Each structure stands twice: as C-alpha cells, then as structure tokens.
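J.: Chain residues, written in single-letter form:
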Amino acid sequence: MSATAVTLEDVPALALGCGVLGSGGGGATDGPALVLAHQLAKGGRVDLLPASTVVPEARVACVGVYGSGTLLVETLPGPAAFRAALGGLEERHGSLDALLPIEVGGANGVLAAMVAAAVDRPLVDADPMGRAFSRLNDTVLAARLPMREIFFASATGATAHLQADRGDQLERVVQSLLPSVGGWGAIVAFPGRAEDVICMPCVGP
Amino acid sequence: MSLALAVGRGLGRAASGQVDALREVPQVRVVLDGWVTEVRRAPGVEVRGVASLSTRNRQPARLDFANEYLALITAGELQASAPDVLCVVDAGWLPIPVDEIRPGQQVRVLVVDAVEDLRSAHVEFGAFGLTGRGYVEVGS
Chain A
191 MSATAVTLED VPALALGCGV LGSGGGGATD GPALVLAHQL AKGGRVDLLP ASTVVPEARV
251 ACVGVYGSGT LLVETLPGPA AFRAALGGLE ERHGSLDALL PIEVGGANGV LAAMVAAAVD
311 RPLVDADPMG RAFSRLNDTV LAARLPMREI FFASATGATA HLQADRGDQL ERVVQSLLPS
371 VGGWGAIVAF PGRAEDVICM PCVGP
Chain B
961 MSLALAVGRG LGRAASGQVD ALREVPQVRV VLDGWVTEVR RAPGVEVRGV ASLSTRNRQP
1021 ARLDFANEYL ALITAGELQA SAPDVLCVVD AGWLPIPVDE IRPGQQVRVL VVDAVEDLRS
1081 AHVEFGAFGL TGRGYVEVGS
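Protein sequences, first through last, are from chains A and B.
Counting from 1 along the first sequence, just add 190 to a position and that's the residue number in my numbering.
Counting from 1 along the second sequence, just add 960 to a position and that's the residue number in my numbering.
Don't read these hints as lab results, they were simulated from the structure.
Since this is a predicted model, take the numbers as computed values, not measurements.
In this text, a Cβ means the ideal position worked out from N, Cα and C, and glycines have one as well.
What follows is a set of in silico ranges between Cβ atoms, one per label pair, in the way DEER data are often shown:
1) Gln1066/B - Ala348/A: 40 to 50 Å
2) Asp1050/B - Gln365/A: 27 to 37 Å
3) Ala270/A - Glu998/B: 36 to 46 Å
4) Thr197/A - Asp993/B: 27 to 37 Å
Which stretches of chain A does chain B cover? Using the computed rule of at least three CB atoms under 8 Å from a CB of chain B, they are:
5) 202 to 208
6) 291 to 299
7) 303 to 316
On the chain A side, residues computed to face chain B include the following (Cβ under 7 Å):
8) Leu211
9) Gly320
10) Arg321
11) Ala322
Same shape as in the complex, but just chain A (with noise of 0.2 Å):
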C-alpha cells in the first residue's frame, strides 16, 4: 500500500474525527485546523504511511503538544515550536525519516499533521496514546517501550532536552515547565527505529 496524501479537502474531517478520538478531552481541533489548512495551503503536503510499509530501520519519533487545551486556543500552536523540538532530537539522534502521532484524539492529530506537512516529512498512520490521555506516560506505546527523553520547546523560544529514568519522572519535569512557557510545549518523544516504535496495537483500524 502507498502513502496517501491528506488534502486541504480532508482538514475538515480530520478535525472531526480527531474530536470524536478526543473522548470529550485532548483539546479543541478547529483551531490547529487552521494551522494545518494554511500549510497546506501554502503548498505544503502530508503523506500518510500504512505502517505496514515503514521500514524496520526507520529513525521515526512521536510528535505532538503538551499542556493546557485552553491555552492552545489562546495562542495557535504554529510549527515554529515543532521545528525547534524536532532540531533538536535530530542534533542528538540524526535525521529522521518519518513522524507518528504521539496521540489522534484532540488536538494533537491535527497538529501532528500540520508539523509533518511543515517538516516535509511523511506522517505514519498509528495512534500511539489509543486514546485521549492526561499523562505521555499513560500511553499504550509507554508500556512497550520506556519513555526515557523528550524534546521541548515552547512558542516563545524556550528548548529543553529532559532525561530520566521513568516515564512518570519525565512526566512530572515536563509538567512543571509548563506554568512558565505559556502553558504549552511542542514535544517531541520515543526516538528510535520503526520496529520497536511503531507497535502494532496501535496502529489504528
């Protein structure tokens, strides 16, 4: 199967279906709807990989926003903060081939979308949260594989590189920086190679 492309056409029902994904949580879509119609808008694409075709050795990473849902909508998360995260992972890591979704429901779908249309990366179809969750360590991808490092930044300039030994530590330190940069972060997580970050359960239907 072949990548397909997330149109202009789609954003609409992009931003639905993520809400519905959101169980009544994970932040409002229309405005990172907007965010993602102006990428695409202004030329830039989204291609959509079955995770089925992603090669094992592919240097992949969840991307996605942390924080306060209401203050996403009070400052538009543009992909400035994403580059900055994404910069540094890859400093750190090298570059990579593809993007995941840290979570689909709320916000974080769409914006997923609208970072790999601004990196001109491919985005791959997988869910790693399963569903709209408060905590990064609660997430089904978590209980596979350890959350050990995250790539912060914020939308006023801020980076980070967090490090720690458990998923629930990096969760707290990431938690307390929040109050200070504006309530939300771009992060970046899980860096690694596509067979052990891309874990079939969560792969969507």
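Starting from the known structure of chain A, arrange chain B on it as the hints suggest.
T.: Coordinates of chain B only, in the frame set by chain A:
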C-alpha cells in the same frame, strides 16, 4: 489517523442529513440519543463530573467524566466505559468537550472500541479513574 478521517467524514455526512452514512464507519456505534438534564462537577477529585441524561424513550442515563468521558450507565446498566472512547456530539454531530456539556443540550453518545492493548493486563492503567470498580469489559 485514517480512522479519524473516516469518523470525520461519516459525521460530516450525518450532519448533512445522511445519518445512514455512519453505518459505513463500523468502528463507531451510536449508543444513546437524548438530552442532557443535569451536570454536576466536583473539581479536585479523579472522576470530576457526572452528567444526567434522558434518552428519547425517557430512560435515565448517567455519564461520568474526568478530563475525558469515562462511563455511560443507562437505566442502571453499564453500557460503555473507558478504555473504549466515549464521545458526546451535539445536534449538529459536533463533539462536546467535557467542560462544555450542559443541561438542555440534545446529544448523542458515540463509542469507538479501544485498541486491544488498552484492555490487556500488562498496561497498568488501573481503572481509568473509575475507582472501586475497575475495568469490566462491556457484556462480560
């Protein structure tokens, strides 16, 4: 992502009057059609709120929520619960976040089945905040 697109397209068509379009998205089930009659919120505890609903045939129902919707109980029977995804949509089939559900809204409750890993024992999510009951698979 493809599931989100399929769900969004199905709901979009339902909103334009083609309610049968949702049948083409087998992952989504409409489990309640009715109204919100009361919402009580209790900040600071795990399950932070309860919405009372009334179905179209006047059966009472209750929806527990925290940051997300957690459990739907209709006429005393558990009908759906986390980790399955529960979503409340309004009369126009648009999702209602937990902080915007309020009395008087006409609503439908949708359920999307969770991935198997969220039901399995090695994922230690406990009871998803549903203290004292634990996760019980619907129908078991």
